[in-house]
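Trainee: The primary structure of each chain is shown beneath.
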Amino acid sequence: MTEDKKPEFEDVIQRLENLVNQLETGGLSLDAALKVYEEGVGLARTGNQLLEGAEKRITELQKTLNSVQEHD
Amino acid sequence: MNAAFSPSSPVTVTQLTEQIKSVLEDSFRHVWLEGELSHLNPHRSGHVYLSLKDEGARIDGVVWRSTVARLQYRPDPGEKVIVRGKLNVYAPQGGYKLIIDSIEPVGLGALQAAFNALKAQLQSEGLFEAGRKRKLPLLPRGVGVITSSTGAARRDIESVIHRRCPNIPIILYPANVQGKQAAPDIVAGLRLLNEHPEVSVIIVGRGGGSIEDLWAFNEEIVARELSRSRKPTISAVGHETDTTIADFVADVRAPTPSAAAELAVPVRDDLLYTIDLYCQRIERALSSQLQRCSEKLSQLQLRIERSLSTDALHSPLTNRCHALHSAFLALLGRERSRLISLEQTLQGLSPVLRIGRAKSRLAAIQTHLERLGDSYLSQTRHRLSEATARLDALSPLASLQRGHSITRKDGEVLTGIENLRVDDQVTVLLARGQFEASITTLSEHHMSHENKHGKTE
Chain A
2 MTEDKKPEFE
12 DVIQRLENLV
22 NQLETGGLSL
32 DAALKVYEEG
42 VGLARTGNQL
52 LEGAEKRITE
62 LQKTLNSVQE
72 HD
Chain B
13 MNAAFSPSSP
23 VTVTQLTEQI
33 KSVLEDSFRH
43 VWLEGELSHL
53 NPHRSGHVYL
63 SLKDEGARID
73 GVVWRSTVAR
83 LQYRPDPGEK
93 VIVRGKLNVY
103 APQGGYKLII
113 DSIEPVGLGA
123 LQAAFNALKA
133 QLQSEGLFEA
143 GRKRKLPLLP
153 RGVGVITSST
163 GAARRDIESV
173 IHRRCPNIPI
183 ILYPANVQGK
193 QAAPDIVAGL
203 RLLNEHPEVS
213 VIIVGRGGGS
223 IEDLWAFNEE
233 IVARELSRSR
243 KPTISAVGHE
253 TDTTIADFVA
263 DVRAPTPSAA
273 AELAVPVRDD
283 LLYTIDLYCQ
293 RIERALSSQL
303 QRCSEKLSQL
313 QLRIERSLST
323 DALHSPLTNR
333 CHALHSAFLA
343 LLGRERSRLI
353 SLEQTLQGLS
363 PVLRIGRAKS
373 RLAAIQTHLE
383 RLGDSYLSQT
393 RHRLSEATAR
403 LDALSPLASL
413 QRGHSITRKD
423 GEVLTGIENL
433 RVDDQVTVLL
443 ARGQFEASIT
453 TLSEHHMSHE
463 NKHGKTE
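Protein chains in written order, with my numbering: chain A, 2 to 73; chain B, 13 to 469.
One chain only, chain A, in its complex shape (with noise of 0.2 Å):
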């Protein structure tokens, strides 16, 4: 339940959509356009980053919630 934190994949490829297309447009100052790169770079490992993570994994829940539908 921690592991909320972690960002959505979608989110950092069209962060990362967003800043190609900044920079290849121009007209960033030089210091704009290394920091543009710089966040570029780190939102393209944390998208590897959510690729790679643990191998696979099957939870099989137990069936706790079996008399939640009473009141339907």
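Derived from the structure by calculation, the hints contain no laboratory data.
Note that the structure is predicted; figures quoted are calculated from it, not measured.
C-beta atoms are modelled at their ideal positions from N, C-alpha and C, and glycine is treated no differently.
Please note: incorrect hints may appear among the correct ones.
As the list claims (entries may be wrong) - One-sided and incomplete, this derived list gives chain A residues near chain B with beta-carbon spacing under 7 Å:
1) Leu-31
2) Val-42
3) Thr-60
4) Leu-62
Claimed, not checked - Cβ pair distances, simulated, as ranges:
5) B:Ala-342 with A:Ile-59: 54 to 60 Å
6) A:Pro-8 with B:Arg-296: 22 to 28 Å
7) B:Arg-318 with A:Pro-8: 48 to 54 Å
8) A:Lys-7 with B:Leu-123: 43 to 49 Å
9) A:Thr-26 with B:Ser-161: 50 to 56 Å
10) B:Arg-318 with A:Ser-30: 38 to 44 Å
11) A:Lys-36 with B:Thr-379: 43 to 49 Å
On the provided structure of chain A, position chain B as indicated by the hints.
Mentor: Then chain B, alone, in the frame of chain A:
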């Protein structure tokens, strides 16, 4: 056409039966009959004999073997069924039977009606609307699966997910997927998985089956819980042709459990490739910007140098310009080395490297294998030549080489003298050549070979 019924001209049994047959068979060509199945006798021939009854009557029927093969529903005695067929009169026994070509349970119509009613109701509430459908995440944190823990659907889903993206966890809620407990189980699973922090998409499904088997997916509580789910849902019930209410309410309908897994999870290598492409583009863009800055700087430098006259060369302004220039160069140099180190980090992330490592491991394994193969081959060769040598030693030809001979009479090899008489002709085979000899003496003892003379024949 009817026979005259009078004592003076009676009809024969056959004639009457034929008339009855034509009357009955013409009037009952297409019959829908509802009743309780009483007898059910599958015959050796493959035909099934049965009878239908109600409180007042009974009618026998038969299902021909060819029809039995394509029946989708196999009723048991005692069940209420609706059959379709035509009446047939069997003259030799004076009886009639219904020839049945389809059987349905009586309840089926009721189930279909319930399905239609619920579908209409939910549709009017807007539960099927395209606007309600949520998008599936590009890469889920984990996939929640509600299905039987022992079913084929579970295996299909797991193997597809592991093939496409092995690091995505699967959170399985084992549920009954048919029978009374199925709908409550599915509802409970949806609630539990909605609370589970690792789950970002939920697959609900099972393999194919009859309409009764799939019925839980047509239940209202399941439909309502699906519509309440905060996480996107994929329904995967049965085969392509089976459609359930759950399919209409879920955010995405997959034709099969395997297809659901494909929709839920992307192919990892595709995503890695996408990231790689972005990295390449970002790098190229920055490099060209640096290039432009550097060119601009050199131009400015040139202009400053040109604009300075020789006498102004030593003025404070010139010094300032020089200072400015070198400061600028230093800044550029710093940024350049920062870029280089970032580029190195980037290259470390590239899948190309990983692929390279995997390739060289593969090559090492291959060489090892080849080496193993070679040594196996040479061992085998060695063993073969040893065996050949041993074989040679045992061969009669080798004995001949050592000076032994083989004596034959009429083609038979001789090992004793039982069948020999004086003056018999024998053939003696030596290592090199053979000769004919005639017997001069015979003596009983082994080991005495002098009984054959004839070298000079």
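Trainee: Could you run down the list of hints and mark each one as holding or not?
Mentor: Against the structure, the hints come out as follows:
1. Proximity of Leu-31 (chain A) to chain B holds as hinted, the smallest CB-CB distance being about 6 Å (cut-off 7 Å).
2. Because the closest C-beta pair between Val-42 (chain A) and chain B is about 5 Å apart, less than 7 Å, the hint holds.
3. Hint on Thr-60 (chain A) holds. Least Cβ distance to chain B is approximately 5 Å, under the 7 Å limit.
4. The beta carbon of Leu-62 (chain A) is positioned within 7 Å of a beta carbon in chain B (closest approach about 5 Å), and the interface hint is therefore held.
5. A C-beta distance of roughly 57 Å is found between Ala-342 (chain B) and Ile-59 (chain A), which places it inside the suggested range of 54 to 60 Å.
6. Between Pro-8 (chain A) and Arg-296 (chain B) the C-beta distance comes to about 25 Å, which sits within the given range of 22 to 28 Å.
7. Here the CB-CB span from Arg-318 (chain B) to Pro-8 (chain A) is close to 53 Å, well matched to the stated 48 to 54 Å.
8. Between Lys-7 (chain A) and Leu-123 (chain B) the C-beta distance comes to about 45 Å, which sits within the given range of 43 to 49 Å.
9. Between Thr-26 (chain A) and Ser-161 (chain B) the beta carbons are some 52 Å apart, a value that agrees with the proposed interval 50 to 56 Å.
10. One distance hint, 38 to 44 Å for the beta-carbon pair Arg-318 (chain B) and Ser-30 (chain A), is violated here, with the actual separation near 27 Å.
11. Between Lys-36 (chain A) and Thr-379 (chain B) the beta carbons are some 48 Å apart, a value that agrees with the proposed interval 43 to 49 Å.
Violated hints amount to a single one, hint 10; each of the other numbered hints is respected by the structure.
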